[in-house]
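*Asks:* Given next are the chains, with one letter for each unit.
2 protein chains.
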Amino acid sequence: MPARRTYLDAGGRAPVTARTSQALQAGLTDGWADPARLTGESRQARALLDGARHAIAEVLRVHQDNVRFAHSVPLAAERLLRGMVAARRGRGRIVISAIERDALSDVAHYLAPGAVDVIPVDREGHVEPVAFAAALRQPDVAVAVIQHANHEIGTVQRLESLYGTAQGAGVPMLVDATASVGHIDAPEHWDALLADPSDWGAPHGLAVIALRPQTRWLQAWPDGDDDWAPGGVSVPIALAAAVALQERMENLDRETQRQHDLVARLRTGMERLEGVTVVGDPIERLPHLLTAAFMYLDGEPLVTRLDREGFSVGSGSACGKAAFQPSSVLAAMGALTHGNLRFGLHPGVADQDIERLLATMPRIIEAVRQQMQA
Amino acid sequence: MPARRTYLDAGGRAPVTARTSQALQAGLTDGWADPARLTGESRQARALLDGARHAIAEVLRVHQDNVRFAHSVPLAAERLLRGMVAARRGRGRIVISAIERDALSDVAHYLAPGAVDVIPVDREGHVEPVAFAAALRQPDVAVAVIQHANHEIGTVQRLESLYGTAQGAGVPMLVDATASVGHIDAPEHWDALLADPSDWGAPHGLAVIALRPQTRWLQAWPDGDDDWAPGGVSVPIALAAAVALQERMENLDRETQRQHDLVARLRTGMERLEGVTVVGDPIERLPHLLTAAFMYLDGEPLVTRLDREGFSVGSGSACGKAAFQPSSVLAAMGALTHGNLRFGLHPGVADQDIERLLATMPRIIEAVRQQMQA
Numbered sequence: 004m005p006a007r008r009t010y011l012d013a014g015g016r017a018p019v020t021a022r023t024s025q026a027l028q029a030g031l032t033d034g035w036a037d038p039a040r041l042t043g044e045s046r047q048a049r050a051l052l053d054g055a056r057h058a059i060a061e062v063l064r065v066h067q068d069n070v071r072f073a074h075s076v077p078l079a080a081e082r083l084l085r086g087m088v089a090a091r092r093g094r095g096r097i098v099i100s101a102i103e104r105d106a107l108s109d110v111a112h113y114l115a116p117g118a119v120d121v122i123p124v125d126r127e128g129h130v131e132p133v134a135f136a137a138a139l140r141q142p143d144v145a146v147a148v149i150q151h152a153n154h155e156i157g158t159v160q161r162l163e164s165l166y167g168t169a170q171g172a173g174v175p176m177l178v179d180a181t182a183s184v185g186h187i188d189a190p191e192h193w194d195a196l197l198a199d200p201s202d203w204g205a206p207h208g209l210a211v212i213a214l215r216p217q218t219r220w221l222q223a224w225p226d227g228d229d230d231w232a233p234g235g236v237s238v239p240i241a242l243a244a245a246v247a248l249q250e251r252m253e254n255l256d257r258e259t260q261r262q263h264d265l266v267a268r269l270r271t272g273m274e275r276l277e278g279v280t281v282v283g284d285p286i287e288r289l290p291h292l293l294t295a296a297f298m299y300l301d302g303e304p305l306v307t308r309l310d311r312e313g314f315s316v317g318s319g320s321a322c323g324k325a326a327f328q329p330s331s332v333l334a335a336m337g338a339l340t341h342g343n344l345r346f347g348l349h350p351g352v353a354d355q356d357i358e359r360l361l362a363t364m365p366r367i368i369e370a371v372r373q374q375m376q377a
Numbered sequence: 004m005p006a007r008r009t010y011l012d013a014g015g016r017a018p019v020t021a022r023t024s025q026a027l028q029a030g031l032t033d034g035w036a037d038p039a040r041l042t043g044e045s046r047q048a049r050a051l052l053d054g055a056r057h058a059i060a061e062v063l064r065v066h067q068d069n070v071r072f073a074h075s076v077p078l079a080a081e082r083l084l085r086g087m088v089a090a091r092r093g094r095g096r097i098v099i100s101a102i103e104r105d106a107l108s109d110v111a112h113y114l115a116p117g118a119v120d121v122i123p124v125d126r127e128g129h130v131e132p133v134a135f136a137a138a139l140r141q142p143d144v145a146v147a148v149i150q151h152a153n154h155e156i157g158t159v160q161r162l163e164s165l166y167g168t169a170q171g172a173g174v175p176m177l178v179d180a181t182a183s184v185g186h187i188d189a190p191e192h193w194d195a196l197l198a199d200p201s202d203w204g205a206p207h208g209l210a211v212i213a214l215r216p217q218t219r220w221l222q223a224w225p226d227g228d229d230d231w232a233p234g235g236v237s238v239p240i241a242l243a244a245a246v247a248l249q250e251r252m253e254n255l256d257r258e259t260q261r262q263h264d265l266v267a268r269l270r271t272g273m274e275r276l277e278g279v280t281v282v283g284d285p286i287e288r289l290p291h292l293l294t295a296a297f298m299y300l301d302g303e304p305l306v307t308r309l310d311r312e313g314f315s316v317g318s319g320s321a322c323g324k325a326a327f328q329p330s331s332v333l334a335a336m337g338a339l340t341h342g343n344l345r346f347g348l349h350p351g352v353a354d355q356d357i358e359r360l361l362a363t364m365p366r367i368i369e370a371v372r373q374q375m376q377a
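In order, the protein sequences belong to chains A and B. With this note's numbering applied, the first sequence corresponds to residues 4 to 377, in that order. With this note's numbering applied, the second sequence corresponds to residues 4 to 377, in that order.
No wet-lab data here; the hints were simulated from the structure. Glycine included, every Cβ here is placed at the ideal spot set by N, Cα and C. Keep in mind that the hints are not guaranteed to be accurate.
On the chain B side, residues computed to face chain A include the following (Cβ under 7 Å) [to be verified]: (1) T20; (2) Q25; (3) W35; (4) A36; (5) L41; (6) T42; (7) G43; (8) S75; (9) P77; (10) G208; (11) G234; (12) V306; (13) R308.
With the sequences and hints as input, model every part of the structure.
*Replies:* Right, dumping it as structure tokens:
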């Protein structure tokens, strides 16, 4: 790798700060024991785990008793959605937006084969409210799944209105906040919520679930173990996740504005390039994400050449699966489904990194164009 | 907590050495990125993860392609057993020993309700070979589940003979080696194997699965994600797990002998105490575990008073569930099911720790006796 690297693939993962790394180390020193046992070492681990839960609950503006940890977002999504559907005895239909992340849409289709209603979005990625309301009028809807903000294009949903519709229909709403918590204020309108610590700079290996006290959920796992994370989660990672989130929240206003401006600059610069279109809502959006579609160019050589120049960027479907599968998010928006790049900023990205990237892009595009003609 | 503490609750968890802790930190520095993506940071994370898999595979004496990671032992057990049963189309019965850990017996009963055959053990904890063979003669057996060694009493099963029986019956055998790998040589006789890094001193948050190339397994999870660990495991923990195992293996012969001798000394000392019985095979056993049953005394006050004196020991069912639930392992052996302590040694435990413990026990026992009479 070149000596100087600029990581612009934040989203789901982000570089870990020194303070978070120290928290992981402290969590290992004092929290290596099993928090479920009864001796001094275990009490200490339990206290660290409870403290982490408390700190994260504060950011989500819920009581810590309503916050649970799981091992990963897909596992949390499966556990959460399965239990919410089970609690709605007799109702088995899942209503979900067309641009949810794979972790949620895969689980929805797995749990309710043939009974998933996919709600379209408009050109900027907002869920169509009329279609959403119509779907919820069906008598057998168990759960609605709507994201707070999109992990590729950054569009923030109008949750208050959608949640009002769900409440009016008596359908619990699961809000996927895995791309937003730590970047903008946590959402308020939900019955169940998912968040992803490694998206806000924690070491990977934890997912956060929040449930309103009145949200019903039935366990579906062999009796007796931890309902959400059989075997238990890592205490050091939970502590590091809480510290990473605190660090993000302390700087939230400043960083949100700074990254928002940088992404606006990136958007302008990208749109000036020939054959490049930027997708997603330019205003109601996450501060740190931008997706650009490249006409006539494949995503893979763009990523590879940028990587060789020291820029890490994402492409295709942003999380999991084959990295260059066409993006289902862009397809749902009627945008190009090949040749797209996702840029994800984090607090370590500076103005000059974006300027360097924009200065490099024409050369990269030209090289890929020639490569594809060869 | 008193300044000087002796941790004798190793088993499932163990204190983390400085070298392992440094490996975790190095893994975070170089392996924080998503190993499934395509830029330089991700390639580096992937290389660390592959290296960890390779190192662990060597100890298990299998090719690294046959080793998988999952997030925890219960999740790995569920995934493994479900997929093995699914691959045996039409056969749904699970044969399991009476002293398997909860993670396996709970999953077995969950997956095959009413179709689990529990094979008894003798007074020293060995699976009854005649009952095992009889159970396997049934036409609908999908899988046999047998542990390498017991997590409470330490008894090592006679796997070669049991595996011969399973092979003769054409039934694949899952061997739970979560209490043995890192303490004695890895078992040789199995079709699928489970191991637990946090048992050998890794940070908690990883489980290891090994499958023979010919072992059949069918995926049962929403399409497309990592089959074994949806969302992916922690690269730093995987690296730390490999380093912790290497450290254990480098010292295996010496430590096995040393701990074996210390446990023999502990056994003799315990058996001299009035009303105390030590359970499990005194010879064919793990080097580091000992369980003692206390007549007329409850486990909880024993654990609590020892904890106050600076000794961490386990009681009741050794893993998960309510800590003072009667031990199903001891019940299966026809031993006392209340008032038992499990001692688990690790490389940090010295001769004088055991002598101090033995010197303290009479006072503890007398105090608990008086407390219970009051």
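*Asks:* Please go over all the hints and tell whether each is borne out by the structure.
*Replies:* Evaluation of the provided hints:
Interface hint at B/T20: violated, since its Cβ lies 10 Å from the closest Cβ of chain A, which is beyond the 7 Å cut-off. For B/Q25, the interface hint is violated, since its Cβ never comes within 7 Å of a Cβ in chain A; the closest pair sits about 10 Å apart. Here the hint on B/W35 is kept, as its CB sits about 5 Å from the closest CB of chain A, short of 7 Å. Proximity of B/A36 to chain A holds as hinted, the smallest CB-CB distance being about 6 Å (cut-off 7 Å).
Checking B/L41 against chain A: minimum C-beta separation of about 5 Å stays under 7 Å; hint holds. Annotation: B/T42 was flagged as interfacial toward chain A, and the flag holds, the nearest CB pair being 4 Å apart, inside 7 Å. Interface restraint check: B/G43 against chain A, minimum CB-CB distance 4 Å, threshold 7 Å, status holds. The closest approach between the C-beta of B/S75 and any C-beta of chain A is roughly 3 Å, which is under the 7 Å cut-off, so the hint is satisfied.
Interface restraint check: B/P77 against chain A, minimum CB-CB distance 4 Å, threshold 7 Å, status holds. Taking 7 Å as the C-beta cut-off, the interface hint given for B/G208 holds, the closest approach to chain A being about 4 Å. A cut of 7 Å between beta carbons decides the hint on B/G234: the least distance to chain A is about 3 Å, and the hint holds. Because the smallest distance between the Cβ of B/V306 and any Cβ of chain A comes to about 6 Å, under 7 Å, the interface hint for this residue holds.
Because the closest C-beta pair between B/R308 and chain A is about 11 Å apart, greater than 7 Å, the hint is violated.
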